[in-house]
Amino acid sequence: MNIVVCVKQVPDTTEIKIDPIKNTLIRQGVPSIMNPFDKNALEEAIQLKEQYSGSVTVISMGPEQAKATLREALSMGADKAYLVTDRAFGGSDTYATSYILSKVIEKLGPFDVILGGKQAIDGDTGQTAPSIAEHLGIARLTHIRSMKIDGNKCVVEREIEEGIEIVEAKLPILCTATKETNKPRYATIKGKIDSLKADIENITLADLPNMDITKIGLKGSPTRVKSTFIPERKSSCEMLESVNPRETAKVLFGKLAEAKIL
Amino acid sequence: MSLLYTEEQKALIALVKDMAENEIKPYVQELDEKGECPGELFKWAFDMGLHMLEIPEEFGGTGLSYETTAMIFEELAKVDAGYAITFVTTFVALRNVILSGSPEQGKYFADIIGKGNFAAFALTEPNAGSDPAALRGTAVKDGDDYILNATKTFITNGEIAALFVGFFKTDVKAGHKGISAFIIDADAPGITIGQHENKMGLRLSNTTDVTFENVRVPASSMVGAEGSGFKLALNALNLSRAFVATLAVGIMQRALDESVKYAKERKQFGKPIIKFQMVQQMLADMAIKTEASRVLVNNTMRMMDNGSLVRKEGSITKTFVSDCAQEVTSNAVQIFGGYGYSKEYPVEKLMRDCKVFQIFEGANQIQRMTIANELDREYK
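Here the protein sequences come in this chain order: L and A. Just so we're aligned, residue 1 is where the first sequence starts under my numbering, counting upward by one. Just so we're aligned, residue 1001 is where the second sequence starts under my numbering, counting upward by one.
Be aware that one or more of the hints could be misleading.
To be verified - Negatives, chain A to chain L, calculated, CB over 12 Å: (1) Trp-1044; (2) Leu-1099; (3) Ile-1193; (4) His-1196; (5) Lys-1264; (6) Gly-1270; (7) Ile-1288; (8) Asn-1299; (9) Gly-1307; (10) Asp-1323; (11) Gln-1365; (12) Ile-1371; (13) Lys-1380.
What the hints assert, rightly or not - Listed next, the in silico EDC-like pairs over lysine to aspartate or glutamate satisfying Cα-Cα at most 20 Å (straight line): (14) Lys-1017(A) x Asp-79(L); (15) Lys-190(L) x Glu-1007(A); (16) Lys-183(L) x Glu-1023(A); (17) Lys-190(L) x Asp-1018(A); (18) Lys-179(L) x Glu-1057(A); (19) Lys-1034(A) x Glu-1023(A); (20) Lys-107(L) x Asp-79(L); (21) Lys-183(L) x Glu-43(L); (22) Lys-1010(A) x Asp-12(L); (23) Lys-1043(A) x Glu-50(L); (24) Lys-190(L) x Glu-1008(A); (25) Lys-170(L) x Asp-112(L); (26) Lys-67(L) x Glu-1008(A); (27) Lys-190(L) x Glu-1057(A); (28) Lys-190(L) x Asp-1047(A); (29) Lys-190(L) x Glu-1058(A); (30) Lys-1115(A) x Glu-50(L); (31) Lys-183(L) x Glu-1040(A); (32) Lys-197(L) x Glu-1057(A); (33) Lys-183(L) x Glu-1057(A); (34) Lys-197(L) x Glu-1008(A); (35) Lys-197(L) x Glu-1007(A); (36) Lys-183(L) x Glu-159(L); (37) Lys-183(L) x Asp-1018(A); (38) Lys-49(L) x Asp-1047(A); (39) Lys-190(L) x Asp-1111(A); (40) Lys-183(L) x Glu-157(L).
It should be emphasised that the hints constitute simulated quantities derived from the structure, not laboratory data. For each residue, glycine too, the CB sits at the ideal point set by N, CA and C.
Construct the entire structure; sequences and hints are all you get.
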């Protein structure tokens, strides 16, 4: 079984700071990591490979330094990694990015399963992976909890608001993983050493001859970001001071009823 | 962080740190109290391949340098030195086989460890600690076999080892020249594991007595030549002594990290105690001793990677580092004050954990004798 995983290098948001004047993320000096949900997607891919045999290919679109994330994927057990990089791809939104990645997947494929994280922790759109399925004209199942393969079908458990949904679908399929899908493994020492020496091939525009260049890069992106801002926090906190807990509870009850919470 | 690390070393240190802090650290306080470490916790390090680091590539291991291996174990020791020494002890036993055994013995050893097992080094007896020539354990030739009898004590990994490298007298009259080394399967009939020592520190590490009663091993399990065991043990111990010092560096770094963090948070007289000169002096001295120890360990590791048997340097490293560690961890408790004396805070454990480094792998008094004897020899 051939599996491809789309991964993204993102700033480690646990370490991120906001520029107080421009209200934008300060990316300088912030360590880059593999998007955590993509790690779950990769773990799922490796587990599928271990169970059904086959190979795991990892792709990432980004600048040269995104190879660090691809190396991490190799160290965890991916077989091959490709960096999708070209000046012409710069400024792509989720539509253009998913279009480019779908072309890369067509070139490297065919694949039975395409996996990605449910969203990236920097942009938080959750659009790129599902859009790849649209471009490829295949089924997609997001927020998966587990996945089983049965011949040319798969059975997937999905997390939905009301509970768990069990869906059967034909292969090829695109699925997105969440924190609940699995616990990503640590790399092995040997895997880490080998990954640092691995050759990672670049895929550029020249390698993708069937590309409609009006659909890529900043010009091909329908999305325009007008501004970004941090929403103001309008809630306030009121401390109830009292020596008598029974009295305090009464006051609290009154206030909650007033706010129509109770 | 005083060393120049390669990209590979940085990546390996970060990997081990990630695993140790997320998977091991949350359980350390409770396990220290209980004095044990469950197998499932060791699984993390086995999965990562920490049991194979020093095993040569020709035997299926990772074949890392001593230098890089030491860096990895320093990182693990920051979280728990007892957990780390459980893996390091396999290599203490292994070094005897690699230095003096046959390739077949090396492969045999590596294959068993490769399946996810530990080994143990069985030299010490109740009346033969600093003076291994006083061993009473015997190995008597019987056809193509040897029959082993001994009571070994303070055996790290005694209860969990799949293999022992043990030392016995093949000639009881020949003093230290009558000692021979053997590789012994832990499930051989006649081996009894004694009670787990209730230790002051390194409480995640397993330490037991091991009794050999008429244990039959093939003659092919002898490591090196008959009667060479004493020399073989000393050669392996020189390396191991320098190597365990890396764990003490990990303990010291943890003590320093915890102390600086606390001194910045803890306020007295309206300011953080790190602003008081007497606390500053303690912290500075802790940093000086930690950095100097790390550099010393690193230099000795690189000498070992170059094939040196570090007879003097191993003793100097182990003695200097373990003495520094007492002061550094004791001062960590001092900086934490009353809280430092409480088991709710992490530093008293570091003080307990590091004491044994002045005792095991040859007490520091014996090390000083070794260093002086080497000097005497050098200045002839």
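Indices of hints not satisfied (ascending): Going through the list in order, the structure violates hints 1, 14, 18 and 33 and respects the others.
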